[in-house]
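Those letters in the sequence shown? Residues 1 to 340, by UniProt numbering.
There may be inaccurate statements among the hints.
List time: in silico DSSO-like cross-link candidates among lysine-lysine, alpha-carbon distance up to 30 Å [as the list claims (entries may be wrong)]: (1) Lys107 - Lys195; (2) Lys226 - Lys212; (3) Lys212 - Lys242; (4) Lys226 - Lys107; (5) Lys195 - Lys102; (6) Lys200 - Lys290; (7) Lys241 - Lys290; (8) Lys134 - Lys94; (9) Lys193 - Lys107; (10) Lys193 - Lys94; (11) Lys195 - Lys134; (12) Lys117 - Lys203; (13) Lys195 - Lys137; (14) Lys137 - Lys203; (15) Lys112 - Lys242.
Ranges of calculated distance between the beta carbons of each label pair, as one might list FRET restraints [stated by the list, open to error]: (16) Arg250 - Phe307: 20 to 26 Å; (17) Glu244 - Thr98: 18 to 24 Å; (18) Gly192 - Leu275: 44 to 50 Å; (19) Thr159 - Glu48: 28 to 34 Å.
Quick caveat, the hints were computed from the structure, so don't treat them as lab data.
Predicted, not measured: the structure shown is a model, and the values here were computed from it.
Even for Gly, the Cβ is constructed at its ideal location relative to N, Cα and C.
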Amino acid sequence: MELDLQWDGNPKIVLDIKTRLGVTLPIQVKNIGFTGVFRIIFKPLVDEFPCFGALCYSLREKETIRDAIEDSITWPVRKIIPILPGDYSYLDLKPVGTLNVKLIEAKELTNKDIIGKSDPFAELFVRPLRDRIKTSKTINNQTSPIWNEHFEFVVEDVTTQHLTIRVYDDEGIQASELIGCAQLPLGELEAGKVKDVWLKLVKDLEIQKDQKNRVTVISAENLPAKDILGKSDPFVVLRMKKSEQTYKTRVLNNTLNPVWNQTFDFVVEDGLHELLILEVYDHDTFGKEKMGRCIMTLTRAILEGEFTSSFLIDGTDSGRLNLSIKWTRQQSVEIDRGLI
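Work out the full structure: start from the sequences and follow the hints.
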């Protein structure tokens with residue numbers, strides 16, 4: 001079972017951060033919140049009430065939780081709650097293999113230094129835990145560094161985990177500045193075989209802007225008759241609630257079962273909180289008459305990528321709207337590249 005989850009809290013956490021110069025700085029953390037997709041697994045199924053022995057829960061995707069906090073509950077990591085007595089250790093996350101990586105080089109990195117060139121180094125990880133993050137050596141004064149270093153990582157779930165690489169400019173006693181980052185889905189690799197890959201570095205892996213939601217209005221069925229002769233002249237207006245992007249299908253005359261097969265692309269900045277609104281109208285010579293509408297979130301499209309389905313039209317006694325919806329994640333702005 002997967003559920004949309006949004007949590008907001010108002011804790012007040014005060015931390016004392018000690019700098020490299022020995023100065024202690026107080027930092028206060030307030031107003032913590034996150035959104036995501038909550039996955040619940042009822043397993044194993046048994047004959048006695050409540051019909052399952054344990055409950056596992058995790059977050060389906062990373063959203064606003066970061067690093068070690070998100071890793072402790074983000075799939076494939078899960079929390080197990082025994083419901084009935086029994087040994088459920090087999091439900092725990094277990095390694096399925098190791099990933100051997102050779103970090104070779106990067107080319108034409110952005111120069112972050114005013115005088116001279118950047119001093120790049122890389123961090124690599126599958127899970128962002130302190131003891132599982134690998135760090136390369138620093139190559140001084142170089143925007144096309146050559147590392148030729150080997151690293152090994154434990155893998156728990158090939159289908160969902162990624163290799164993440166972050167390239168920084170070493171600033172000495174100051175905080176290192178991020179040059180760019182990249183991810184490689186482990187599912188793209190073949191067990192036992194070496195694969196050379198150029199990875200494009202981007203500014204931020206978590207940026208969700210410029211995603212595309214493609215909506216194809218296929219047809220409608222059993223629309224109500226709005227004209228004197230028992231027909232209608234239907235068309236559909238499509239609108240994103242937050243961004244207010246609007247499109248309109250063509251008008252099809254004298255039909256209660258129109259077939260449009262028209263496709264429209266929406267650029268979406270915040271898919272988890274956006275709504276797609278489709279309003280069906282009957283076209284008249286001096287205006288239009290509203291038949292009904294469909295309102296939906298983009299959650300299913302984000303999770304499944306693409307689907308085709310039929311939706312009831314609210315506000316009318318009859319009528320369904322047949323849609324095909326495809327969600328596409330656009331690439332972030334390319335700034336550099338590197339070879340692994």
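_Let me make sure I understand: some of the numbered hints might not hold for this structure. Which ones are they, in numerical order?_
Numbers 2, 4, 6, 15, 17 - these are the hints that the structure violates, sorted from lowest upward.
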